[in-house]
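Taken in order, the sequence shown gives residues -20 to -1, 1 to 160; the numbers are from mature numbering (1 follows the signal peptide of the UniProt record, and there is no 0).
Incorrect hints may have been included.
[Unchecked claim] Straight-line distance between alpha carbons at most 27 Å, and here's what the computed DSSO-like set of lysine-lysine pairs gives: (1) Lys135 with Lys40; (2) Lys152 with Lys135; (3) Lys57 with Lys135; (4) Lys116 with Lys135; (5) Lys116 with Lys57; (6) Lys152 with Lys40; (7) Lys132 with Lys152.
[As the list claims (entries may be wrong)] What follows is a set of in silico ranges between Cβ atoms, one per label pair, in the way DEER data are often shown: (8) Arg106 with Ile33: 16 to 22 Å; (9) Ser142 with Val16: 16 to 22 Å; (10) Lys135 with Ile33: 26 to 32 Å; (11) His124 with Asn148: 33 to 39 Å.
In case anyone wonders, no lab produced these hints; they're calculated from the structure. None of these values were measured; they are calculated from a predicted model. We put the beta carbon where it would ideally sit given N, CA and C, even for glycine.
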Amino acid sequence: MKTARLIIALLIFTSISGCAMDEKKLSDDQGRKTIVTMDQAITEYLENSIIPILPPPGVKTFAAYDLLGVSENGDEKTAYMLADIWTYGVEPSVGIGPRSASFLPLALILREENGGFTVVGHRQPRDGSNNWPDIKQIFPEEYHERILDYHKTGKGQEMEQSIRERVNNYLKTVGIENTV
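Build out the structure end to end from the sequences listed, making use of the hints.
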């Protein structure tokens, strides 16, 4: 039953997350924060800005990513990655455990300023038959094969395990001994 719910949630999320290639830029005063490291900036952006709807109370978003590479263009950097983004129930009232998951190739646009990094937008391929043409447009050719064959590397399982560890650490900090 839990598996069926997870599959339904994934299907709903996939349809909600958009069927168009997303290119989002934040306005100058919308959600920008300078963060010390690139990793912190990327993780915060993945957890707070990729999923188009806010999780309900008692549900929190966690993310991990595999950085394929970074290109520079003037004062901007583009970080090419495969991101694993999960929502988890983190309160007993809603149930402890996974709610939805997305595995996405993304290109995040960052600016380095004041000794830290700020994510200012992202590009995301569309779903369905547009996915591969969009990947070829967004990502440099050197990453195409890695994206296509990613399921063979085992890194997806490593990212999922990393997310579980972060969820368990979060649960401990709020006084919940359950583990996922």
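Cross-check of the supplied hints:
| no. | hint | in the structure |
| --- | --- | --- |
| 1 | Lys135 with Lys40 | holds (23 Å) |
| 2 | Lys152 with Lys135 | holds (26 Å) |
| 3 | Lys57 with Lys135 | holds (24 Å) |
| 4 | Lys116 with Lys135 | holds (21 Å) |
| 5 | Lys116 with Lys57 | holds (19 Å) |
| 6 | Lys152 with Lys40 | holds (14 Å) |
| 7 | Lys132 with Lys152 | violated (33 Å) |
| 8 | Arg106 with Ile33: 16 to 22 Å | holds (18 Å) |
| 9 | Ser142 with Val16: 16 to 22 Å | holds (20 Å) |
| 10 | Lys135 with Ile33: 26 to 32 Å | holds (27 Å) |
| 11 | His124 with Asn148: 33 to 39 Å | holds (35 Å) |
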